[in-house]
Structures are given as C-alpha cells and as structure tokens.
Amino acid sequence: MKLLAQELPSPKAIQETPVPGKNQDPLIAKGLQKEQYIGIIGLAIALVAAVGFFSRRFEYAIIFAFFLSGILIAFFLFV
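According to the working numbering, the sequence shown holds residues 16 to 94 in order.
No lab work stands behind these hints: they were computed from the structure.
Keep in mind that the hints are not guaranteed to be accurate.
[Unchecked claim] Label-pair restraints from in silico Cβ distances:
id, residue 1, residue 2, range
1, S70, L42, 39 to 45 Å
2, Y75, Q30, 55 to 61 Å
3, G54, L87, 19 to 25 Å
4, Q30, L83, 47 to 53 Å
5, T32, L83, 16 to 22 Å
6, F79, Q30, 50 to 56 Å
Each residue gets a CB set at the ideal place from its N, CA and C atoms; glycine is no exception.
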C-alpha cells in the first residue's frame with residue numbers, strides 16, 4: 016500500500032540521456048537482411064520441392080498461393 020501513496024514524478028521531469036556509441040550496439044544485426052531474404056526464399060523453394068515430391072497438385076496450389084500472396088502484398092503496399 017505504500018507504493019500507491021508515493022508520488023510519481025511528472026512525465027516532463029523524466030528525461031532519457033543518450034548513450035554514447037549507441038549506433039555501435041553489437042546486439043543489433045545490421046546489413047543481414049539480404050542473407051535473411053535469401054534464406055527465406057531457399058526455405059520456401061525447399062518446401063515446395065518437398066511437397067511436390069509427394070503431390071504435384073498440392074505443389075501447384077502452394078506455388079499459386081505464394082504468387083497470389085506476393086501480388087496482394089505489393090498491391091496493398093502501393094495503394
């Protein structure tokens with residue numbers, strides 16, 4: 016109950032101090048998007064190939080779904 020009785024500082028009194036060298040954070044991966052996209056595309060191709068090994072019609076359905084998704088994503092990004 017003591018916590019409820021304490022006064023909190025106003026939001027204007029709270030200030031964030033910038034950390035020097037913030038752009039050099041080793042935990043933030045920079046420049047890896049290209050490799051990630053290549054890996055995702057590789058996994059998608061492997062999925063289609065593995066499914067196509069068992070069922071050709073299902074492979075065509077997955078390819079159609081990828082194609083349609085790409086068109087819809089592009090459409091909604093640019094509209």
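Hints and how they fare:
Separated by about 43 Å at the C-beta atoms, S70 and L42 satisfy the suggested range of 39 to 45 Å. Between Y75 and Q30 the beta carbons are some 59 Å apart, a value that agrees with the proposed interval 55 to 61 Å. The given range of 19 to 25 Å is respected by G54 and L87, whose C-beta atoms sit roughly 23 Å from each other. Between Q30 and L83 the CB atoms are about 49 Å apart, so this pair conforms to the stated range of 47 to 53 Å.
A beta carbon spacing of about 49 Å between T32 and L83 contradicts the range 16 to 22 Å that was offered as a hint. One distance hint, 50 to 56 Å for the beta-carbon pair F79 and Q30, holds here, with the actual separation near 54 Å.
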